[in-house]
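Numbering (mature numbering (1 follows the signal peptide of the UniProt record, and there is no 0)), first residue to last: -28 to -1, 1 to 245.
Don't read these hints as lab results, they were simulated from the structure.
Hints are supplied without guarantee of correctness; some may be wrong.
[As the list claims (entries may be wrong)] Label pairs and their in silico Cβ distance ranges: (1) T225 / Q198: 20 to 30 Å; (2) N33 / K240: 18 to 28 Å; (3) P216 / N17: 34 to 44 Å.
[Claimed, not checked] In silico DSSO-like pairs for lysine-lysine, Cα to Cα no more than 30 Å straight-line: (4) K132 / K36; (5) K169 / K141; (6) K135 / K175; (7) K243 / K200; (8) K132 / K98; (9) K36 / K64.
If you're wondering where the values come from, they're calculated on a predicted model, not measured in any experiment.
Heads up, the beta-carbon is just placed ideally off N, CA and C, and yes, glycines get one too.
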Amino acid sequence: MLHLIQKLFITILLFFLFCFSNPSNVIAATQSQNITPAQLEELHNLFDQALNASNNGEFANAEKLWTQIIELYPDNPAIWSNRGNIRLSQNKIEEAISDYEKAIEILPLAPDAYLNRGIAYERIKKWSEAIADYNQVIELDPTDPVAYNNRGNAEGGLGKWEKATEDYKKASELAPEYAFALANYSLALYQIGQTQKAVQTMKSLVRKYPNFADMRAALTACLWEQGKPGEAESNWVAAVGLDPRYQDLNWVTNVRRWPPTLINSLEKFIKIE
């Protein structure tokens, strides 16, 4: 389900992915609608415009374009799901959910709309509903690493960190280069008391991705607790230089959504600072 050739919209704040359907998928879904070659070309052009606007952050314009495409081809689930993504990017959460539901109604065995609706439910802290959607994705595609990672996020929202750890581990096994899943795994390990393994995993990620601010900030908290102030300070300077939001505990708690034990460790460091 994670198509590497697709355009993927990365929601960095929540360390999620949601999927835009690509032109070939949309066109394939319209071929049974008896459209003319001219109409097919128009669809392709409109889709390119909408996707470019989406990827360039021109969300209001992108929403108008997706709406225009929906008016032409209302029975295409991929288009409804794509407009839902744009609405979610604008924090129009209920409207996004409505679009995903329409996509599911049209094509209930396609996983993308369930994945995206799960992300929308997480935005409004409907953890159980999000988990139900991720379960559906996994049932449809048991090899989807994003669904496992996101289910771990929702389980963390419910405080079920053992389950979250298992899902993050599964996601990172399915996609070894999926750094966010491995990062989440390290944070969950810290929460359940496997601090040594957590720190080892964080350090491994920082060696591979030196500009990974999340892991730099996490190492700061862990190393400070371990009585290693020099290493902690060094990682902190790097972390806030890369992303100053880690100085804001409210953001770390409610947007990035670190586990509570690690947040407490970071708070101790920041207060000393």
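For each hint, the structure was consulted:
1. T225 / Q198: 20 to 30 Å: Since the Cβ atoms of T225 and Q198 sit about 22 Å apart, the hinted range of 20 to 30 Å holds.
2. N33 / K240: 18 to 28 Å: 46 Å, violated
3. P216 / N17: 34 to 44 Å: 41 Å, holds
4. K132 / K36: 40 Å, violated
5. K169 / K141: Measuring from Cα to Cα gives roughly 12 Å; hence the hint holds.
6. K135 / K175: It holds: about 23 Å lies between the C-alpha atoms, which stays within 30 Å.
7. K243 / K200: 16 Å, holds
8. K132 / K98: Satisfied, since the Cα-Cα distance of roughly 14 Å is no more than 30 Å.
9. K36 / K64: 14 Å, holds
Of the numbered hints listed earlier, those contradicted by the structure are 2 and 4.
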